[in-house]
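**Student:** Letter by letter, the chains look like this.
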Amino acid sequence: ETGVTQSPTHLIKTRGQQVTLRCSSQSGHNTVSWYQQALGQGPQFIFQYYREEENGRGNFPPRFSGLQFPNYSSELNVNALELDDSALYLCASSLETRLAGFSYEQYFGPGTRLTVT
Amino acid sequence: AQTVTQSQPEMSVQEAETVTLSCTYDTSESNYYLFWYKQPPSRQMILVIRQEAYKQQNATENRFSVNFQKAAKSFSLKISDSQLGDTAMYFCAFLTQGGSEKLVFGKGTKLTVNP
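First to last, the protein sequences are chains Z and R. Numbered by this note's numbering, the letters in the first sequence go through residues 1 to 117 in order. Numbered by this note's numbering, the letters in the second sequence go through residues 1 to 115 in order.
Keep in mind that the hints were calculated from the coordinates and are not lab data. C-beta atoms are modelled at their ideal positions from N, C-alpha and C, and glycine is treated no differently. Check before you lean on any hint, since a few could be wrong.
DEER-style ranges, computed between Cβ atoms [stated by the list, open to error]: (1) R/Glu-10 - Z/Leu-67: 33 to 43 Å; (2) R/Glu-17 - Z/Thr-20: 23 to 33 Å; (3) Z/His-10 - R/Lys-107: 19 to 29 Å; (4) Z/Pro-70 - R/Ser-12: 23 to 33 Å.
DSSO-like, lysine-lysine: derived pairs with alpha carbons at most 30 Å apart [claimed, not checked]: (5) R/Lys-70 - R/Lys-107; (6) R/Lys-78 - Z/Lys-13; (7) Z/Lys-13 - R/Lys-55; (8) R/Lys-55 - R/Lys-78; (9) R/Lys-55 - R/Lys-107; (10) R/Lys-73 - R/Lys-55.
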C-alpha cells in the first residue's frame with residue numbers, strides 16, 4: 001500500500017468525449033506526476049504538478065490537462081478522446097526536491113484503466 | 001534525451017533459483033538515479049530497489065540486488081531465491097532532474113516464476 005488512491009478503477013468512453021481521472025496523493029506530498037501506460041509498454045510521463053502549478057510536461061498535446069488541489073488531490077482531464085488514449089493512467093506522488101532535503105521516490109497509485117471506443 | 005532499454009521482453013525462472021534482468025540507459029547527466037519497479041497483475045507499481053549514480057556500491061534489498069556499471073550505462077537486477085510472488089512485470093527507470101523530476105521507463109520484462 002502506497003497511500004495513493006485513484007478513481008475510477010475502470011472507465012469506458014466514446015471517441016470525442018471528455019474524461020476526468022482523479023488521484024489522492026499520500027499525505028504531505030506536494031508533487032504529483034501523471035503517467036500514461038499503453039498496453040505492453042512502460043509508463044510515459046504526461047506532466048507534473050507542484051503546489052498546484054504545472055511543473056514540467058511530456059510529449060502530450062494540450063488536450064491533456066491537469067489540476068492539483070490544496071488537499072493533495074489532483075485531476076487529469078483529457079478532451080476530445082481518441083482511440084489511442086486507451087491506456088492505464090497512473091499518478092504518483094512525491095515530496096518536492098527543490099527545497100531543502102531530497103526525496104526522489106515516487107509513490108504510485110493503482111491506476112485507472114481507460115478504454116476509448 | 002534519456003532512454004532506457006530492456007532487451008528481454010519475457011523471462012522465466014524456477015522457484016528458488018536466481019534470475020538477472022538487464023537494463024541499459026543513455027544519458028548525458030553525471031548525477032542521476034536509477035530504479036527497478038515491479039508491477040504485478042494488480043497494476044500497482046512498487047519500488048523494488050534504487051541506485052544513486054554517485055555511489056559506487058551496488059544497492060541491495062533483501063533478495064534483490066543490482067549490478068550498476070556506470071561507464072557501460074548498465075543497471076541489471078538480480079533476484080535470488082525466486083518466489084512465486086515475484087511473478088510480475090519489471091520496469092527499469094531513470095529519474096531525470098532539472099525542472100520537473102520525471103521517471104523515464106523501459107518497456108519492461110515480464111518475469112514468470114514457475115513452481
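**Student:** Honestly, do R/Glu-10 and Z/Leu-67 meet the 33 to 43 Å range at C-beta?
**Tutor:** Check passed, 39 Å falls within 33 to 43 Å.
**Student:** So the hint says 23 to 33 Å: do the beta-carbon atoms of Z/Pro-70 and R/Ser-12 match that?
**Tutor:** 47 Å, violated
**Student:** Holds or violated: are the alpha carbons of R/Lys-55 and R/Lys-78 at most 30 Å from each other?
**Tutor:** Distance ~18 Å between R/Lys-55 and R/Lys-78 Cα, so the pair holds.
**Student:** Take a quick look at whether Z/Lys-13 and R/Lys-55 sit within 30 Å of each other, Cα to Cα.
**Tutor:** Judged against 30 Å, a Cα distance of about 47 Å means the pair is violated.
**Student:** Could you say whether the range 19 to 29 Å given as a hint is met by the Cβ separation of Z/His-10 and R/Lys-107?
**Tutor:** Between Z/His-10 and R/Lys-107, where Cβ atoms are some 24 Å apart, the hint holds.
**Student:** Is the Cα-Cα distance between R/Lys-78 and Z/Lys-13 30 Å or less?
**Tutor:** Violated: R/Lys-78 and Z/Lys-13 sit about 41 Å apart, past 30 Å.
**Student:** Is the distance from the Cβ of R/Glu-17 to the Cβ of Z/Thr-20 consistent with 23 to 33 Å?
**Tutor:** 46 Å Cβ-Cβ, so the 23 to 33 Å window is violated.
**Student:** Given the hinted pair R/Lys-55 and R/Lys-107, is their Cα-Cα distance within 30 Å?
**Tutor:** Satisfied, since the Cα-Cα distance of roughly 26 Å is no more than 30 Å.
**Student:** Given the hint that R/Lys-70 pairs with R/Lys-107, test it: the Cα-Cα distance must not exceed 30 Å.
**Tutor:** Roughly 21 Å separates the two Cα atoms, so the pair holds.
**Student:** Would the pair R/Lys-73 and R/Lys-55 pass a check requiring their Cα atoms to be no farther apart than 30 Å?
**Tutor:** OK: R/Lys-73 and R/Lys-55 at ~14 Å, within 30 Å.
Checked against the numbered hints listed earlier, the structure breaks hints 2, 4, 6, 7; every other hint is satisfied.
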